[in-house]
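Protein sequence lines correspond, in order, to chains Z and H.
Start counting the first sequence at 1; every next residue gets the next number (this note's numbering).
Start counting the second sequence at 258; every next residue gets the next number (this note's numbering).
For the record, the hints were derived by calculation from the structure and aren't laboratory data.
It is possible that part of the hints are untrue.
Here are the computed distance ranges between Cβ atoms for each label pair [stated by the list, open to error]: (1) H:R338 <-> Z:A136: 47 to 55 Å; (2) Z:G160 <-> H:V269: 47 to 55 Å; (3) Z:A198 <-> H:C352: 36 to 44 Å; (4) H:H372 <-> Z:G188: 39 to 47 Å.
Using N, Cα and C, we set each Cβ at its ideal position, and we do this for glycine too.
If you want the building blocks of each chain, they are given just below.
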Amino acid sequence: MAKYKNYVVAQSLEEAYALNAKKSSVIVAGNMWLRMCGLNKQTAIDLSALGLDRIEETEDAFVIGSMAVLRSLETHEALNAAFGGVFRDALAPIVGTQFRNTATVGGSVYSRFGFSDVSALLLALHAQVLLYKRGAVSLSDYQKETWDRDIITHIRIPKGQRAAVRSVRVSETDIPVLVCAASVSGEGLRLVLGARPARAQIVAEHLAPDCGEETFEEIAAKTAFGGNLRASEAYRRKIAPVLMMRAAKACREVAQK
Amino acid sequence: MNIEFVLNGRRVSAAADADDSLYKVLRGLGMYSVKCGCETTNCGLCTVHMDGRAVLSCSVPAARCAGHEITTLEGMQEEARRLGACLAGEGAEQCGYCAPGLMMNVFALAKENPHATDAEIDAFLAGNLCRCSGYVSQRKAIKTYLGMVCGEVRA
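Pulled out of the complex, with its shape left as it was, chain H reads as follows:
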């Protein structure tokens, strides 16, 4: 089948099998920021936005995306640079494999609750696993980024 949807603001058309996931189609379209980690909907690496909501692209059927808006990190480069700088500033990453999925979920958090407390940040990002960082420095970086979004300085 052929699926038409809006990818990062541009209308695209992609061939897909009936049982293909959105993840597979996005990789086929060259969206290499979208990673596959667990394939059991637990790790958050494959997070993209579907109509503005963060979803796990490994579990979304590709065919369901017809007519919808999909956004990957490739479509949010300016925001990625800002958040990336915050993560780098806190030394919040080692291998960086989880970063695209984490960033996409942070963007969803920034949209929904830019004044999130530590507990709210932890709860919102509980579905993004990182085996390197231990999360503390990630949270610091995210607070700094949310502060930039709100125009506040957050310790």
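Only chain Z is shown next, with the shape it has when bound in the complex:
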């Protein structure tokens, strides 16, 4: 279990950033995974007093605070209406209601978990990560970076897209064996594969929304997969085209509504 000497509820982002500049500090978001990592840190920094748990709608985007819990995304009516209900469908299989009442979107994005449903969905939705010092960075770039000391304040998701997610799990509410998120926007169809079991990755974009089965086979052949306790590399490679096909089909259906 994680060990901390001090616990500081930050009163400003400036204070949190200054504290987090030290490698002996760590930001505590939902504390679901962090607490099990066996960390030994001097200072735990809590962002829960900074009002970063809100979901705001602007003319062209939704801006989600990094401390917003997954359950609030799942149940947010405007957010789900704008993206065809994908947050409700994609987040509901994650463990249980109580878990999603505590796990935060910022914690998922910062950690770049190799099993993340959240990162896969947000990547499909062309999300941007808003960082306290660096400003806006595309999630696709952020996913490739190593962990730094900057603080995620918000996630921005542009409107005008529809998305769908399909996953395979050994048992319901477990970590996915493989997850595929698809989105359709003015730029065409984007496909993301997560739980490969490496970090979620955009495996295709600018595709025609009605592309054929052979396209998914080709994408799977070019994508790197791995094996772990949940499934072998060969199993993931085999089911990937099917998941992509189903996610793309579901996405087209949502887009037509």
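Keeping the supplied structure of chain Z fixed, place chain H upon it in accordance with the hints.
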């Protein structure tokens, strides 16, 4: 550090280390309904309400609770009796170890969606594991309880 929060409607103060979980502090305050099962945020045994939302107390840092309202089963005795009677009526329990966590999540469901369908009940309670019951009789009992909450008879 010292944390002040509202526990079951009463303001309390508790000593806690920086890395203590809410679960540990609640047990220290004599809230023995709060059980620790998996300690990996999967089983739901440690469920309590924080500002009315069901959360897993094994993962909530105790220090984060300062100024918040925490409710455990000890603070919902009347509701616990009603739901407990429904569970007993359906033979929905054997060891009962998971019951406090299950009940706290059922209360959250009753508040959020008292007209929940079978599928909605299953989805809402997916994070409450029980190794005895097989869930079918639990669901029957929960439907009966939700019916009592809504003033309806539910088969």
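Could you work out which earlier hints the structure fails to respect and list their numbers in ascending sequence? Violated: none.
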